[in-house]
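Trainee: Assemble chain W onto chain D, guided by the hints.
The residues making up each chain are set out below.
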Amino acid sequence: DQQVKQNSPSLSVQEGRISILNCDYTNSMFDYFLWYKKYPAEGPTFLISISSIKDKNEDGRFTVFLNKSAKHLSLHIVPSQPGDSAVYFCAASALQTGANNLFFGTGTRLTVIP
Amino acid sequence: EAQVTQNPRYLITVTGKKLTVTCSQNMNHEYMSWYRQDPGLGLRQIYYSMNVEVTDKGDVPEGYKVSRKEKRNFPLILESPSPNQTSLYFCAKQGGGGGNSPLHFGNGTRLTVT
Chain D
1 DQQVKQNSPS LSVQEGRISI LNCDYTNSMF DYFLWYKKYP AEGPTFLISI
51 SSIKDKNEDG RFTVFLNKSA KHLSLHIVPS QPGDSAVYFC AASALQTGAN
101 NLFFGTGTRL TVIP
Chain W
1 EAQVTQNPRY LITVTGKKLT VTCSQNMNHE YMSWYRQDPG LGLRQIYYSM
51 NVEVTDKGDV PEGYKVSRKE KRNFPLILES PSPNQTSLYF CAKQGGGGGN
101 SPLHFGNGTR LTVT
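Residue numbers (this note's numbering), protein chains in the order written: chain D, 1 to 114; chain W, 1 to 114.
Pulled out of the complex, with its shape left as it was, chain W reads as follows:
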């Protein structure tokens, strides 16, 4: 079964304290991506990765970094979190069928920045 695992599920932090949200997949798929979900705005893409060492900005990349050193993992890094990054974050991978395969999402990480 295709799985995307995010950790932690809940995180409360303070402004400016660097944090990393991890994401891993168990199917060796190439495409992975990060979204944030906010009330009234739906899911917006932060960053995506087409393959190892290939990453690109989505719609709302400011304040975030990602890395893709291996196919399995795609961590989201907030170097200096701010309160406007309080949100629900989802990591996703694309199924093995290519561009028209649906995304599989993790269960989310709820981040609060005070």
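For reference, chain D alone in the conformation it holds in the complex:
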């Protein structure tokens, strides 16, 4: 059973606009969340993370929001650029259990249109 879900397989956004990628999780033990970006023929690369003690983390054009009560997180990219076109994976882990293992969502393919 998928513990981390990304319900939108794809998203298209105009260059300069905001991209919002969503992720839901079911396991209440998850306390650390990450976003990875993946280009074709490459491995996923880490983008941004957030601990469950926060509700927002920002890094340049990228902001991750966490809503623990809704078990939902989102990644905002502002402004979107064509180079942001990639597959984005949401991931979660339960660090409080001592586990390092990451559980991934199914990915959302973002296309930024010039």
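Listed below are the simulated SDA-like cross-link pairs for lysine to any residue, each with C-alpha atoms no more than 25 Å apart in a straight line:
| # | chain 1 | residue 1 | chain 2 | residue 2 |
| --- | --- | --- | --- | --- |
| 1 | D | 5 | W | 62 |
| 2 | D | 37 | W | 58 |
| 3 | D | 37 | W | 9 |
| 4 | W | 57 | D | 45 |
| 5 | W | 57 | D | 3 |
| 6 | W | 69 | W | 8 |
| 7 | W | 57 | D | 28 |
| 8 | D | 37 | W | 10 |
| 9 | W | 57 | W | 79 |
| 10 | D | 5 | W | 57 |
| 11 | D | 56 | W | 101 |
| 12 | D | 56 | W | 100 |
| 13 | D | 5 | W | 39 |
| 14 | W | 65 | W | 55 |
| 15 | D | 71 | W | 100 |
| 16 | W | 65 | D | 1 |
| 17 | W | 65 | W | 5 |
| 18 | W | 57 | D | 2 |
| 19 | W | 69 | W | 49 |
| 20 | D | 37 | W | 29 |
| 21 | D | 37 | W | 59 |
| 22 | D | 71 | W | 59 |
| 23 | D | 71 | W | 58 |
| 24 | D | 37 | W | 5 |
| 25 | D | 5 | W | 107 |
| 26 | W | 71 | W | 26 |
| 27 | D | 68 | W | 101 |
| 28 | D | 5 | D | 52 |
| 29 | W | 65 | W | 24 |
| 30 | D | 68 | D | 7 |
| 31 | D | 37 | W | 27 |
| 32 | D | 54 | D | 94 |
| 33 | W | 57 | D | 101 |
| 34 | W | 71 | D | 95 |
| 35 | D | 68 | W | 41 |
Hints are computed from structural coordinates only; laboratory data are not their basis. Source: prediction; values computed, not measured.
Mentor: Coordinates of chain W only, in the frame set by chain D:
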């Protein structure tokens, strides 16, 4: 620069013919893991290793073996590959910051079993 190197990048084989996908890291980090990526399923963990001679099953370990005789290397072994193991495989290591350090992934091995 932290690197994870997988070989080969592409592999086509036949059912039942044993194969090994190698993975090595250049940072002497303790945690390493293998994932497979399949359409609609995201990345799923196969096996992980917390340190030398310490390995454990992930979510989808059936049909796979691993070994961790030294910190640097973490090969994935398919003793008798089957067509349902056709997939894109990623090796990963964890950064030096511990449990909340992001994973660094290799560039992947695309395996086709006919």
